[in-house]
Each structure stands twice: as C-alpha cells, then as structure tokens.
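Given next are the chains, with one letter for each unit.
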Amino acid sequence: GAGVSQTPSNKVTEKGKYVELRCDPISGHTALYWYRQSLGQGPEFLIYFQGTGAADDSGLPNDRFFAVRPEGSVSTLKIQRTERGDSAVYLCASSFNRGGNSPLHFGNGTRLTVT
Amino acid sequence: GDSVTQMEGPVTLSEEAFLTINCTYTATGYPSLFWYVQYPGEGLQLLLKATKADDKGSNKGFEATYRKETTSFHLEKGSVQVSDSAVYFCALSPSNFGNEKLTFGTGTRLTIIP
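Keeping their order, the protein sequence lines are chains D and V. Take the first sequence: its position 93, counting from 1, is numbered 93 in the working numbering, and each next residue is one higher. For the working numbering, add 115 to where a residue sits in the second sequence, where the first one is 1.
Just chain V, same shape as in the assembly:
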C-alpha cells in the first residue's frame, strides 16, 4: 500500500539557518503530495501541496518539489524563524483529484532557537 517516510526528528536549528526535511513516498499511480504543519496548541493545517511531477509547492517561504524520479517531496526553507517551530507532516493522497484518505508520515518536530 501507499506509504510516506519522513526524516526522523526532532530537528533543532538556529534562527536564519537553512532547513531541509526529507520526505519520500511509495504509491501507485499519480498521487498528490502535501506538507501539513501543526503549531503548538493548534490543529493541523495545510502548508503547501503539489499535484503532479515537477510541480513546486510554496507558502510562507517554504518550498517542496514533486520529484517522481526519486519519489521525494523534501521541504526546504532558506532562513527559518522562531515562529516556524512546529511539527511538520508529509502526506500523500492517492489521486490527483480527491483529498480523502491521506497517508501521513510520522512527523518531524522542528525547534528554532533565537
């Protein structure tokens, strides 16, 4: 079945450092790929998405590119801020249309220190 493997955490970085959180997936067909973020005390929220190969999702300075050849969707940010401290989840949806039945990775806890 479908699966998502996410970089083990926790990750601790200094403010303004470069961030990469690795995500690889296994799926049949053409999944859509997502990054969700959970800030302290809040619900999961969509950070960015990509629905087809070579698409780049971006939001709030974060980027991720859908790489079908390496089955990857790594999350990057050039200069992190303290406010980026959160848990990040990579996820896939088994079609390029629906949202249902997301498969999530285990999450990566990111802490940014000033």
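Bound-form chain D, shown alone:
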C-alpha cells in the first residue's frame, strides 16, 4: 500500500517568505509526527498529533512554526518569515496509534532551502 507522502520533495524560498509543507499519512493512521533533520544531525521532534489535535507541540522552535491536521488525516506544517537557519529536511511520520507496538512510518521528507 501507499506509504507516507510528503510534498513538495524540495522547496527553495527566500528569507522572509511563508512556506507550507504537506504530509499525507498512511490511511487509517491516527498518530502523525513532524521532525526536522539538519545536515549531519539526527531528526529532532517538532510536534505530534493524535487525531486532529496537537498532543505535544513542545518541539516547535518558536511561534513562526505552526502545524494543523484539521480532519485527522493530512497535515500541513507552516513556517512564517522563514530564516536561513530553517533550512533542513522536514520529516513526517505516522503510526496506527501511539502505542509502543505501532512503529513509525516515515516519509522521504521535504528538503527546505532558505536563501
């Protein structure tokens, strides 16, 4: 079946612009996660949704970052007033539920470059 789909795969934007990154989770997965991976680093947790609600957004670096999941499926990560330091690969993952026996399925990521 289809895996986690992220669009676009690459995004280049100018400093100060607004961007939206989309994640289509695996059908039926209730939990959705966003991570950010900077060059040479491991992924860092940003936010976690259970259904439509953000259960934990403690990883969002500041108020320029916001994510939504209005119908409990597709999620959008929104970044306002982008900065060069926001350049990274943004990873989305989903799981059937938050249980420890439900593995995370990651998408291939969106590579964001802020010039």
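One or more hints might be untrue.
Computed footprint of chain V on chain D; a stretch qualifies when at least three of its residues, placed anywhere within it, have a C-beta under 8 Å from a C-beta of chain V [stated by the list, open to error]:
no. : segment
1   : 71-79
2   : 102-110
From the derived model, a few chain V residues whose C-beta atoms are all more than 10 Å from chain D [said to hold, decoys possible]:
no. : residue
3   : Q121
4   : V126
5   : E178
6   : E184
7   : G193
8   : D199
Capping the alpha-carbon separation at 27 Å, the derived lysine-lysine pairs in DSS-like fashion look like this [unchecked claim]:
no. : chain 1 : residue 1 : chain 2 : residue 2
9   : V       : K167      : D       : K78
10  : D       : K11       : V       : K167
11  : V       : K192      : V       : K167
Simulated from the structure, these hints should not be mistaken for lab results. Cβ coordinates follow ideal geometry from the N, Cα and C atoms, glycine included.
Given the coordinates of chain D, assemble chain V onto it according to the supplied hints.
This is chain V only, laid out in the frame that chain D set:
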C-alpha cells in the same frame, strides 16, 4: 534532558565483516530503545527495538541488547552485505508505551564494499 550518543562515522567494511555500531543513552525512567535505518533514496524505517532492560531486538540479522547497567544499545551483525549500506540511527522514546517524541542520535553512515 534525554540524549543519545552514537558512534561517529562513516564506517566502511568489507562484505562478510562483523559490524558493531555503538550507542549510549541518557534518560530518566525506563525508555524504549530503537535502531532506525535509512537506505539510499528511502525514508527512515524501523530496524529493531527493545522496550525493557535485557531485551534483545533483532531483524534482518541485526541485533541489539538493551543494557541498563551500561546505558547502551549497540547494534551488531555477524556478516554484513553490500545491501546493508545505509545510515543507521539509534533513538529512544521516553516511555515504554508511546512512540512520540523520539530522541535520535546523529546517525552512522555504513558503507560495505564487495
């Protein structure tokens, strides 16, 4: 806070060599431990996991044992193949139930030469 320290890479081995990638962690309570793998051009995928002390996770010939006394979860494989070339990430989850809020190491790039 929680942290994962992973063996620096890159690592290059010949086919059929023995592999060890070291991973140590710092966490409160009883974390779950994971190894994720990223093959070229693909997304991260779970390789194996262990949820409590002395558990051994295994998959595709890889093994790792949860050692609470040494706070370690080293990845091993007895005989590597070219197809094992990938980036390997050690990670922990702060509870033995949930998947959320994984803390990852920096990754180790493994290259196997025929």
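With a Cβ-Cβ cutoff of 8 Å, does the segment 102-110 of chain D contain at least three residues near chain V? holds (count 8)
Any Cβ of chain D at or closer than 10 Å to E184/V, or is the non-interface label fine? holds, 22 Å
If we take the beta carbon of V126/V, is the closest beta carbon in chain D still more than 10 Å away? At about 15 Å from chain D, V126/V clears the 10 Å cut-off, so the statement holds.
At 10 Å, judged by beta carbons, does G193/V keep clear of chain D as stated? holds, 24 Å
Should the label of D199/V as a non-interface residue stand, given a Cβ cut-off of 10 Å to chain D? Since the minimum Cβ distance to chain D is about 19 Å, D199/V lies beyond 10 Å and the statement holds.
Against the 27 Å threshold, does the CA-CA distance of K11/D and K167/V hold or violate the hint? It is violated: about 40 Å lies between the C-alpha atoms, which goes past 27 Å.
Hint check: K192/V vs K167/V, CA-CA at most 27 Å. Holds or violated? With a Cα-Cα distance of about 21 Å, the restraint between K192/V and K167/V holds, given a limit of 27 Å.
Taking 8 Å as the C-beta cutoff, is the stated coverage of the segment 71-79 of chain D by chain V satisfied by three or more residues? violated (count 0)
Straight-line Cα separation of K167/V and K78/D no greater than 27 Å? violated, 37 Å
Regarding the assertion that Q121/V does not contact chain D, is the least Cβ-Cβ distance greater than 10 Å? Label violated. Min Cβ-Cβ 8 Å, cutoff 10 Å.
Does E178/V sit more than 10 Å from chain D, CB to CB? holds, 18 Å
Violated hints for the displayed structure, listed by number in ascending order: 1, 3, 9 and 10.
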